[in-house]
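J.: So the protein sequences, as listed, match chains A and B. Mind the numbering: the first sequence is residues 0 to 168 in numbering that gives the first Met the number 0, read in order. Mind the numbering: the second sequence is residues 0 to 275 in numbering that gives the first Met the number 0, read in order.
Quick caveat, the hints were computed from the structure, so don't treat them as lab data. A hint or two may mislead.
[As the list claims (entries may be wrong)] When the alpha-carbon atoms are kept at most 30 Å apart in a straight line, the in silico DSSO-like pairs for lysine-lysine are as follows:
| no. | chain 1 | residue 1 | chain 2 | residue 2 |
| --- | --- | --- | --- | --- |
| 1 | B | K107 | B | K250 |
| 2 | A | K103 | B | K172 |
| 3 | A | K90 | B | K11 |
| 4 | B | K196 | B | K172 |
| 5 | B | K74 | B | K172 |
| 6 | B | K250 | B | K74 |
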Amino acid sequence: MGQTNWLSELGRFFLVLLLQVLLLNHIRLFGYINPYFYIYFIILYPLTGNRTLLILLSFLLGFGVDLFSDTGGVHAAAAVFIGWARPLFLKFSFGVSYQYNTIKVPSAPLQQQLIYVVSIVFTHHLLLFSLEAFASRHWALILSNTLSSSLFTSVLIMGAFYLFSTKNK
Amino acid sequence: MQQIIDFFIRNKNFLLFALLFVIALQRTRSAHSFHQTRYFGSTHAISGAFLNWKASLTNYLDLMEQNELLAQENKTLRAQLLNPINTLGKGSVSEPYHFDHVALHSAKVINNNFHKTKNQLTLDQGRLDGITLDMGVLSPQGVIGIVTHVSDHYALVQSILNTQSRIVAKFQKSQHFGTLVWEGRDPGAMQLLEIPKIAPIAIGDTLVTDGRSTIFPEGLPIGRVVALTQETSNDYYTITVAPFTDMTSIKHVYTVQRNDALEILTLEQTGEDGTN
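Bound-form chain A, shown alone:
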């Protein structure tokens, strides 16, 4: 990673964190649906980047969101999990050879992109809402929250891909 690359990653880290706690935490579509867009950072982290650093940054990102929404450590736990498991999602969506190809997520074929984003978002949200409810008897609520928020977050992330990748074409 070059110097500029490193700086833009750092910039994106703080940008998604601020966006999440200042704006997106207050959307409440239909009263309760919130997008958790901040994992955009984890999704877009360079595929060849340092894995240990990604795990650490995912944790800090989730921790930051937790701090401002009084949720204990649920965002930190869900974020560090997908940060650690990201190679599995990549392998699942782009095939085993993703490491050797120079794939860029925002310009990959739509189908692979969708599988990658939706699977990461769904896993993150399921873990998040399960930990938040902290009791399995709320399973119906957990599932419906996960599905509705996942849809919202995925749409935002796919939208952000197209918004920011038009310049490169």
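Use these hints to put chain B onto chain A, whose structure you have.
T.: Frame of chain A; chain B shown alone:
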């Protein structure tokens, strides 16, 4: 030895993940436990100051609405002042608050959530301003929660819209009382449990706090019954209650403390000890 070091280096990512995951779970667990003394969240000095700054920016957006709420409260209070005979003794919303027994503070809400299952509010007043644990929190319209964490300058309130909240409520006209809980999702629907079918109640009845708990003084408004069904399987009503306070828009609140709470608790404690 070399093998052990190799093992750590090979699995450093998993070990780091496991460590951080356990830390996060630990934080989740301690945030769920009531009366946590060491708590690190929105009441922390840095995040609290940040939220305070954010509140000062966004406060202007709903000034009209907030003014309207405060003006309505003033109107109610003035009506009570002018008609003391009408309101006293009749058991209306304004039963006499014994002011010598109750300490009031006013505070502003700097962070509020209502879309989660464990909702909390952050207030801009803390230990140095006289806020203590277990104080009740009221909006101009009614009860909204209980203080669960205090730092020097901020306090955290467990909202009535929290699946862990249990508030004792009684009917204003009869003396039947039950436990008010929230099952998630709809900020306008709470459930009142343990009201027997023989109780003479109807849709539209007002619920107020019950003096049995040492947190709230008796007779503070909570909400209104909006739906009522009778289960055939047991002897209790299923009652849905809408809180008087619009929990999605709260800015100005009061904390109340019963000055006799300590005396009552000490007395009950001695009673329990004595029987042992």
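J.: Of the numbered hints stated previously, which ones are contradicted by the structure, given in increasing order?
T.: 2
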